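Colleague: Here's the letter readout for the chains.
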Amino acid sequence: MRVDTQLADGVRAEDVDRWVPTAAVLHSNGDGMDIAVKNGRIVGVRGRAGDRVNHGRLDVKDRYGWQANAAPDRLTTPLVRDGGSLVETSWDEAMSRIVSRSRTLLDEQGPGAIGFYTSGQLFCEEYYTLAAIARGGIGTNHLDGNTRLCTATAAAALKATFGCDGQPGSYTDVDHADVIALFGHNVAETQSVLWMRMLDRLAGDDPPALLCVDPRETPVARVATVHLAPVPGTNLALVNALLHEIIINGWVDRGYVDRHTVGYAALADAVADCTPEWAAGICRVPAARIREAAALLGRARRLLCTVLQGFYQSHQATAASVAVNNIVLLRGMLGKPGCGVLQMNGQPTAENTRECGADGDLTGFRNWANDAHVAELARLWNVDPMRIPHYAPPTHAMQMFRYAETGTLRMLWVSATNPAVSLPELARIRSILAQDRLFLVVQDCFRIETAELADVVLPAAMWGEKTGVFTNADRTVHLSEKAVDPPGQARSDLDIFCDYARRMDFRDRDGAPFPPWHDAASAYRAWQRASAGRLCDYSGLSWERLRDGGVQWGGERLYTDGGFFAHPDECETYGRDLVTGAPSDASEYRAMNPDGKAMLKPAPYLPPHETPSPEFPFALITGRTIHHFHTRTKTARAPELDAAAPRVWVEVSEVDAEAHGLAEGDLAAITTPRGTVRARVRIGGIRDGVLFLPFHYGYWDADGAAHDRAANELTITEWDPASKQPLFKTAAAALGRAP
Amino acid sequence: MTLDRVRHELHRAEGVLAQRFRQLSERHRAEAEVHHVARDLARWSDEHVAALGEPARSVPVPPWLSDDPDPGFALLTDLRRLHQSCAAVSLDWELLAQGAQAARNAELLDLASRCHPHTLRQLTWTNAMLTELSPQILTS
Chain W
8 MRVDTQLADG
18 VRAEDVDRWV
28 PTAAVLHSNG
38 DGMDIAVKNG
48 RIVGVRGRAG
58 DRVNHGRLDV
68 KDRYGWQANA
78 APDRLTTPLV
88 RDGGSLVETS
98 WDEAMSRIVS
108 RSRTLLDEQG
118 PGAIGFYTSG
128 QLFCEEYYTL
138 AAIARGGIGT
148 NHLDGNTRLC
158 TATAAAALKA
168 TFGCDGQPGS
178 YTDVDHADVI
188 ALFGHNVAET
198 QSVLWMRMLD
208 RLAGDDPPAL
218 LCVDPRETPV
228 ARVATVHLAP
238 VPGTNLALVN
248 ALLHEIIING
258 WVDRGYVDRH
268 TVGYAALADA
278 VADCTPEWAA
288 GICRVPAARI
298 REAAALLGRA
308 RRLLCTVLQG
318 FYQSHQATAA
328 SVAVNNIVLL
338 RGMLGKPGCG
348 VLQMNGQPTA
358 ENTRECGADG
368 DLTGFRNWAN
378 DAHVAELARL
388 WNVDPMRIPH
398 YAPPTHAMQM
408 FRYAETGTLR
418 MLWVSATNPA
428 VSLPELARIR
438 SILAQDRLFL
448 VVQDCFRIET
458 AELADVVLPA
468 AMWGEKTGVF
478 TNADRTVHLS
488 EKAVDPPGQA
498 RSDLDIFCDY
508 ARRMDFRDRD
518 GAPFPPWHDA
528 ASAYRAWQRA
538 SAGRLCDYSG
548 LSWERLRDGG
558 VQWGGERLYT
568 DGGFFAHPDE
578 CETYGRDLVT
588 GAPSDASEYR
598 AMNPDGKAML
608 KPAPYLPPHE
618 TPSPEFPFAL
628 ITGRTIHHFH
638 TRTKTARAPE
648 LDAAAPRVWV
658 EVSEVDAEAH
668 GLAEGDLAAI
678 TTPRGTVRAR
688 VRIGGIRDGV
698 LFLPFHYGYW
708 DADGAAHDRA
718 ANELTITEWD
728 PASKQPLFKT
738 AAAALGRAP
Chain F
14 MTLDRVRHEL
24 HRAEGVLAQR
34 FRQLSERHRA
44 EAEVHHVARD
54 LARWSDEHVA
64 ALGEPARSVP
74 VPPWLSDDPD
84 PGFALLTDLR
94 RLHQSCAAVS
104 LDWELLAQGA
114 QAARNAELLD
124 LASRCHPHTL
134 RQLTWTNAML
144 TELSPQILTS
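Which chain is which? The protein sequence lines are W and F, in order. Everything in the first sequence is counted per the working numbering, starting at 8 for the first residue and increasing by one. Everything in the second sequence is counted per the working numbering, starting at 14 for the first residue and increasing by one.
Extracted from the complex, chain F is given alone in its bound form (with noise of 0.2 Å):
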């Protein structure tokens, strides 16, 4: 059914963006709060993996980040990308606890009330960086 297949897509969603946390941080590693939080935040993104109940699977993950000589620059571009990510991954819980309470599958929706908080606290702290970093790398 087509619940399932919201649940296989955030499957591979959450996967892609545990990676895409970690290759933020592997790529930004002197800024060292960017480094060392969204090394934190990827296992949030583990945990939901496991906890949808599939095999992890590697998924290939087509390049994102941002190739600008300027680092502050590229900084924000990949913090803004990785953003929108998350976002989608929020909007992906929100279908799933939607379609789960219509369905009345209790275990569905007690995964999403679970997982859904972590995905917005990424997306709360991707949208943190963004505004702490902007004035000082758009200003100068």
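Chain W with its partners taken away, still in its complex shape (with noise of 0.2 Å):
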């Protein structure tokens, strides 16, 4: 077996003192992996052998990223802004400025000027206690995390289908598929070590087939049996053609679709005119090949969907998502080997964030609007249930960042995260983060972008620094050790978060401190029985039996016997339109599905908001690479990943670039409403009138002080209805030489 193994210069595997087990943190596919520990240091990596996610292999990120930990400028010491500039301060002095202002604001306003934005990329622990502290002890509505940006849609799709969050499928479903359909699912740069088990197969006796749904020609485009490059903002049409398809030929699996959904009639109803023709014209993809992609569906013995930002970040993301669930169902594939759906995420821990209550729904897959559930978590906590807010659904990313435009939310707290850079429209989010009256706070490893726009600043420990436990994007729960200490005064998130609880007196019910956890073993100790009984339930996981390896929570597979955590009692959410993003009663969800069954969905095909005209002629999206993650805060401090991608580019198709006059490595500029980027031209892998962008670059690193670097200087202000997920891939731009 080939185990990945990578060491710093003149380490050999025998010098090493220590083997520390844990996972990637650089992507969202879980690898597993140990931390190589000389003399109190971290001087390598190498795969787990025996994990099932990974079986030894790592992503390219993961065997050179480990040496952020040791950067020469991490955070050390709490920084506090006096006179116009963040100075050098004790930890007493920053946790009191935090807590002072905390106590003026409740005062004076309620719970409702505190909000929390946190990440995709902090542990299962400090997620639950951040929870617990905005929900159960301030009492805010907004709290959520950077998961808004990149999984989201995920958790909406899953939740509008089978009533509850929670992965249906398995990696090891690759393993067994006779058809993978990945739909804007770029595996290659997004989840690598999962692309190389699709390769193996590919390599193997008896391929499955492959069908890609992406704008460019990526690598898993290059592979692909059929391979269909709508135009962006095009892909509900698209799939609505492929529904379509498998319901006139007959594809329709109607044992399985009778006994386990609803919503059929009107599905069908929905569809019915969306012919391949229809959809040809919208999406400017031959009738033909709509036909064949279809076919490949319809004709699949064991069919596995997966889903990524390229349906997530762009317009109708959640209506989309949907209806590649809808394709599954009808097609009766899932809880078998090979059968199944794969709602993806973008961040390592982003599933927790999720589980946790720390986004956009309560503790434990919760339903804010069953009283039940709210009365369930107060008693958990011992609080009383009107604390917790749920007169309404938790505050999405984006909306807080409206009330702290507007005035009303007067406090924020970023954790592990850089808005500055991953938000959309950046001069805007400028703006508001720069505002005298926001009180802003920034907990972080490095001093971020977002940073320099605090008024606190929290030096904060790394992954390999700290101990919890967190789960990919197939349920797979790993925990992961801590190998060395924190650099410096910093601390680990969930002991800054808990010092803030202490420092605010939170008490239960019964006066006891709220939350009467400490550290991070009693902490997921609390979450073991938080979760217990729910869809998501970590009451077998405990730290020993994880310390053998990762598991999966809820077996391999969900809903294997076609039973669903969709009843009206015990469902997550009572569903939204996916038109509208409104959300549905309790009343109408009952009428609609009152035995729990997986829900059928139809939306019909919107055009997008802002499309190209003669003055913004090209479709922009923006996206990942595979050497770097997020803002790239870890991965530029990697010599070989800055390295391999050191610069923004543009991919412009060979047709566009000619004709703009551009070619390869020339510098171009690159327009919408919101602003312009300068990036070098890279010629191919594109369909005609798209551009894409990466997003990880800011400017911390940048030459010179101009904000041209960040694709979302360019991005639109617009987010699904539904999931409240930012739209990344569907703006109108210009495309010339820069000056």
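The hints are simulated quantities; they were obtained by calculation from the structure and are not laboratory data.
What the simulated footprint calls covered on chain F by chain W, stretch by stretch (three residues with Cβ under 8 Å from a Cβ of chain W suffice, anywhere in the stretch; the number is not a length):
no.	stretch
1	46–60
2	129–139
3	144–152
In this text, all values refer to a predicted model and were calculated from it rather than measured experimentally. Even for Gly, the Cβ is constructed at its ideal location relative to N, Cα and C.
Two chains, two frames, a set of hints: combine them into the complex.
Modeller: Written out as structure tokens, the structure reads:
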């Protein structure tokens, strides 16, 4: 077996003092790995041969990314803003300022003045603690993660179809499927070890057929049996045509549909006119190719569908992702080896953000609109149910920033994320974060772009410097153990949150300190109790058990017996209108799905809101590259990764490059109504009329002071109404030579 | 006959509703979700105007948007007024359906049963936006 190992120059395997078990944190695949420690320092990594996810292999980011832990510019001391600049201070002073401002705001305005914007990169114990503090301690509805940008639509689509979040499929389905359909999922760059698993199948006996839906000629597209490259913003039209074909050709598993689903008649009616010719006119994909794709899906014996950002960050995100779930249900391809759907995640611990209720839901996949669920959570925390906000859906990130913009949200605590680079329309985001009336707390390992705008900066420990649990996109839970001490005065995010709770003196109903836990082990045991009986039940997954390696919660596959977690009394949500985003209520849900079956949900295609025009003739999409993660905070501090992709580039088709007089390597200017970015031209690999920019590049290591490098200077402030995920793949842009 | 008057009134009211959704969208551009979704919802009213089978007319819409200097309060006021407009249109579809049934006018009944669900979704949306936005605006 191949075990990928990378050690610092001059270090041999036999020199290593200890190998400390963990998993990958630079993507969502959850590859099991060990950290090599020598003399109290991280000196390398190796894949874990016995891990169910990666069998010893490593993504290139994990081979080199560990070097960031020892980067010389780690934050090691708290900082506070004094006289306009950030100065070093003590933990006591930094925390006192936060507590003092919190108390003032609670007195003046109430909990709605305070919001928390967290991450997809902390650990389970940290999210659960933050959720308890925000919802049970302060009682604010304003808590969300940057998971809103990467995985909110996965959660929304799963909830819409199955009544509850939770990944139905398993990575092992790749080993068994005879057709793998990837919808907006460039797995070769986002989860390279999973891609290796697919390549193994393609190179072996009885290879599966691949369907790729992507406007770019990705590595997946190049080996696909059928590649469909729709115009950005038209995914739903395409999938509705696939559904149309599956129905009219009789490829529906009527037995499965009748036994296990509701909504077939409405779906069949809604796609009755969605012929391949109709979709071809919208998506600019030949109708014959749509028929070929539908035949692959319709004739598959073991069909695995996967979905990622090409759908999640595009127009009609949730409706299009739900439409993929509809394919899976119509074909009865669920809960059996090789049959399933993987609504993917973008970040390593995004699953935990969702499970713990640090994003748009309550802890343990509980339903904010179900009073019994709120009462259960209140009993668990021993607080008054009135303390836990449940008068409206938990506030999503983009709405929190809008509240900050209007001045009604006056303290924002950002942990382990970098909104000054990762949110859309950055000029607007910078102006919101820079307001004097907003008290901004930034908790991070580095002095990121967002920290430069902060009032208080808290130095946090990284992966490898603390112990905790996290869960990947196929529900595999890993325990990540502390390998080394954090630098300087940096503290774990959990310690910081617990310190805040103690200083704020939150109390439960009996006057005892809340939350009652104080470290990662006690926080995890509390989480096990909070999740018991829910779909994401961790009660049997003790740290001791996880020390033997990654384990999936819920077993290898969910819904193996056609039973779902969708009964009106247990579902996580009563659903939303996929066009308007308006929540449904309990009585509507009960009437529609009284027995808790899977739900087939149609939606009509609507044109995108910003379409190419004579002034802005291109469709601009942003995305990822294999060498970097998020805003390069860690990956650019690994010399090998930085050297592999040091500068922002723009991908342009050959035809478009020639029409604009651009050659490979030329400096181009890409302009939208919101700004201009300058990037080097890479020709090819994309359909005509579409531009691609990687979103990773910010300003901390840029030359000069201009804001002309981050792709999000250009993106639009718009989000999917159902999942509230911002649209990074639907903007109109102009292309020219940079002056 | 009186049923025609209901149909005629619906034609007028749907035309007005489409304009109001667009006016709401324009006035509250900074509220991204309101701005974008309201334009999609205007399309449904456009479709209803066309389905009602009379030539589209540009009906003058009396000023209705709030001029309150507090943008939050103005937003709530405008959504509340628009919700009431949707409710009135919804009732008219109800009346049209009732009259169509009594008159055994299958064509008109079919029209009402195709269009009315959209109006109910417009109504649910305005209600949902008020529900979600009001707690913050009313406590700050």
